[in-house]
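> Sequence:
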Amino acid sequence: MGFADLLDNIGGLGRFQLIHVALLSIPSLLMASHNLLQNFSAAVPKHHCRVANRTWPADSQNFSLSGLGEQDYLHAFIPLGKDLKPAKCQRYTEAQWQLVSHNSSLDNATGLETEPCLDGWTYDKQEFTSTIVSEWDLVCSQRSLKQMSQTVYMGGVLTGAVIFGGLSDK
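So the working numbering is basically just the index in the sequence shown, starting at one, shifted up by 376.
Treat the hints with care, since some could be wrong.
Calculated pairs, DMTMM-like style, for lysine to aspartate or glutamate (alpha carbon to alpha carbon, straight line, at most 20 Å) [unchecked claim]:
{"#": "1", "residue 1": "K461", "residue 2": "E489"}
{"#": "2", "residue 1": "K464", "residue 2": "D495"}
{"#": "3", "residue 1": "K422", "residue 2": "E503"}
Read the hints as simulated data drawn from the structure, not as lab findings.
With the hints as constraints, model all of the structure from the sequences given.
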């Protein structure tokens, strides 16, 4: 006698079986969206070097600093990338105030000495207010740790599947 025949003998699929199937399906449905969580929690927001412990020019008479925006001031500390936006992983070793004026050309910025970000990064919080990348500074030289966090997450999923999968058989 097969399982289907046995089920027919006791009255078929009843309310008890339907409730159990529904309750067992809820975690499975939530697991799919939980696996997609890494797409958002590990997103890399726009970033550039943090400008900290930097000095303003001692003689501001030589520079017309009034009327300039934040991006103009930022350009004195952080080089522009190929897309004409602040470089993500480099900064000037010394402030380059000659680049702040509106009439300076980008050719003046070539050949200036740069260094990696030493004071951390500033993240754009318009798109993502907080991600594991911005919380743990997993950018530039630490980028490989982002993949490590994803590996640890998937290892936890595998461990949970093995442990709780084994428990469901008993």
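> Against this structure, judge whether each hint is valid.
Each hint, compared with the structure:
Between K461 and E489, the direct Cα distance comes to roughly 18 Å. Compliance with the 20 Å bound is thereby established for this hinted pair. The suggested pairing of K464 with D495 holds, with an alpha-carbon distance near 13 Å, which does not exceed 20 Å. Distance restraint check for K422 and E503: the Cα-Cα separation of roughly 9 Å lies within the 20 Å cut-off, and the hinted pair is therefore satisfied.
Every hint from the earlier list agrees with this structure, and none is contradicted.
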